[in-house]
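Protein chains: 2
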Amino acid sequence: MSKVVVYDIIKQMILDGKLLAQEIKNNVKESAKRLKKKPLLACIIIEGNSASEIYVKSKQKACEECGLSSKVVRLPKNTTQKKLEKEIENLNNDKDVTAILLQLPLPSHLNSVSAINKISPEKDVDCLTYKNLGKVFVGEYDIAPCTATGIIRLLEKYNIELEGKRAVVVGRSLLVGRSVATLLEKKNATVTLCHSKTKNLKEITKEAEILVVAIGKKQYIKSDFIKKSAVVVDVGINRENGKIYGDVDFEKASEKCQYISPVPGGVGPLTVACLMENTFKLALKNNKN
Amino acid sequence: MSKVVVYDIIKQMILDGKLLAQEIKNNVKESAKRLKKKPLLACIIIEGNSASEIYVKSKQKACEECGLSSKVVRLPKNTTQKKLEKEIENLNNDKDVTAILLQLPLPSHLNSVSAINKISPEKDVDCLTYKNLGKVFVGEYDIAPCTATGIIRLLEKYNIELEGKRAVVVGRSLLVGRSVATLLEKKNATVTLCHSKTKNLKEITKEAEILVVAIGKKQYIKSDFIKKSAVVVDVGINRENGKIYGDVDFEKASEKCQYISPVPGGVGPLTVACLMENTFKLALKNNKN
Chain A
43 MSKVVVYDII KQMILDGKLL AQEIKNNVKE SAKRLKKKPL LACIIIEGNS
93 ASEIYVKSKQ KACEECGLSS KVVRLPKNTT QKKLEKEIEN LNNDKDVTAI
143 LLQLPLPSHL NSVSAINKIS PEKDVDCLTY KNLGKVFVGE YDIAPCTATG
193 IIRLLEKYNI ELEGKRAVVV GRSLLVGRSV ATLLEKKNAT VTLCHSKTKN
243 LKEITKEAEI LVVAIGKKQY IKSDFIKKSA VVVDVGINRE NGKIYGDVDF
293 EKASEKCQYI SPVPGGVGPL TVACLMENTF KLALKNNKN
Chain B
43 MSKVVVYDII KQMILDGKLL AQEIKNNVKE SAKRLKKKPL LACIIIEGNS
93 ASEIYVKSKQ KACEECGLSS KVVRLPKNTT QKKLEKEIEN LNNDKDVTAI
143 LLQLPLPSHL NSVSAINKIS PEKDVDCLTY KNLGKVFVGE YDIAPCTATG
193 IIRLLEKYNI ELEGKRAVVV GRSLLVGRSV ATLLEKKNAT VTLCHSKTKN
243 LKEITKEAEI LVVAIGKKQY IKSDFIKKSA VVVDVGINRE NGKIYGDVDF
293 EKASEKCQYI SPVPGGVGPL TVACLMENTF KLALKNNKN
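Residue numbers (my numbering), protein chains in the order written: chain A, 43 to 331; chain B, 43 to 331.
So that you can see chain A by itself, here it is in the shape it has in the complex (with noise of 0.2 Å):
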């Protein structure tokens, strides 16, 4: 085959999700334009992690992007527990602020859960709150964590059937793995949920018709650990001398499978497109615009 077969042949099969992150992030213009308030994304960051300083830059541009507006509440790394849970507290009552974001990982000296729970449920865009958590696993929420949905929506966009599917989820983090093995059970998938104690775990990644990886372990999971013609979403993002690598090896994989998510260009982009939606549908649920 030429090159430019191959190339055309890994298009094909490229869940592209820079390319429907641009599609969410334009509805939510479009719709936030009849608004009769613009929502304001409210972001909390401790100081002194420069992959969250990133993130959080790349959220505000979204705002600006979808016509959203935003606020980011800076501490300091030494900040306690108190004084975030403070401000925690002052933008619950802020009836300007609709949605509110602490961004993790929190420095070792802070009690992320406890924090998190300070949020009141109805502006927890990350919807990481037990209550809205609850709603998830009941299978009654009109949110769910950021990365897991955008997960399902990249599914969804290449008509990827899951209904009756073998899904298997490596990696169990609250924000992806656990919560996207939720999301994938309530689209009638039947999920195994693998992790750091899983025994044999290449003997079960190659039953996956759908295998979802977030385990950040650059390129860990090889050609051999994947079924032939599965769909597999690759959602680590790895950073080695300035480059950014997936936690599958997407070269050899990508020979085997039927549809692959690309890194950087893959989930990545959808995590800060569904913090955008999720902010949208937080201020039409509450302010009945």
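Check each hint, because a few of them may be wrong.
One copy or any two copies: either way a pair holds, since identical chains are not told apart in the list.
What the hints assert, rightly or not - DSS-like, lysine-lysine: derived pairs with alpha carbons at most 27 Å apart:
hint : residue 1 : residue 2
1    : Lys327    : Lys113
2    : Lys119    : Lys103
3    : Lys199    : Lys241
4    : Lys239    : Lys228
5    : Lys78     : Lys327
6    : Lys241    : Lys298
7    : Lys137    : Lys264
Just so you know, these hints were derived from the structure itself, not from any lab. Here the structure is a predicted model, which means the values were calculated and not measured.
Given the structure of chain A, go ahead and fit chain B onto it with the hints provided.
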């Protein structure tokens, strides 16, 4: 083999829920003696469901056994959502009430999710409010749904290792399947949740080292669904001509597996025992006795 030998072998592999339930109740009884105030479990029952009447009676009886107080709030079959939620509100505000249990299922004109979420999370003894389920989901819980808790206790009683084991749960009800799948994951099992939309169920259950079945179909799981030397927990209670059957074909299955819970005498008694324990735990937590 003589009948006696066969009987002895079967006896060795039985997960005896009755025995463990008695142990749990005895512990609650001993521990409750030390509380300043007797915990009170309030059960709400909507009249007209004979199975519910039996369950509520057995809960009252268990309270007596454990030295706990109980009361029953009876509402007529045609009660309204508003009246039901008003009763829940009254029990929330009643300082004498430690724990509130809404006996399920409700008649079809009532919304059980809405009613359950009117129960104060501090008194939600069945752990079914969004907030409490969210805590289970996150892994930060004091109590978990009773039947799911009972299953884990039963496995632990027999020193069955869960970490790294492949567990398959069949049935995704909130009360049992979905909850026990989450608890097994917290114990570091690799869990697959199967349900009515699962294809090739048999292929999946045959991979299970731990198999939990809660589908409410008499003897649906035959011997050929089961991996050799698996541990099988049967949560089914199917009544037919005055006899009770599990979801597993016990006789054939017991020839193949390492351990199996019988019906009756397996998980059934543990639900009530764990309800007693949860009532005690709520008393301890909320009254700081």
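A quick look at each hint next to the structure:
1. For the identical chains of this complex, Lys327 and Lys113 are intra-copy neighbours only, at 21 Å inside a copy versus 39 Å across copies, given an alpha-carbon limit of 27 Å.
2. Within a single copy, Lys119 and Lys103 get their C-alpha atoms as close as 24 Å, which meets the 27 Å cut-off; across copies the closest is 56 Å, which misses it.
3. In this assembly of identical chains, the alpha carbons of Lys199 and Lys241 lie at most 27 Å apart only when taken from different copies (23 Å versus 33 Å within one copy).
4. Within a single copy, Lys239 and Lys228 get their C-alpha atoms as close as 25 Å, and across copies as close as 11 Å, so both meet the 27 Å cut-off.
5. Taking the shortest Cα distances, Lys78 and Lys327 sit within 27 Å of each other inside one copy (13 Å), while across copies they are farther apart (45 Å).
6. Taking the shortest alpha-carbon separations for Lys241 and Lys298, both the intra-copy value of 23 Å and the inter-copy value of 23 Å come in at or below 27 Å.
7. Taking the shortest alpha-carbon separations for Lys137 and Lys264, neither the intra-copy value of 49 Å nor the inter-copy value of 59 Å comes in at or below 27 Å.
The structure is inconsistent with hint 7 alone, although it conforms to all the rest.
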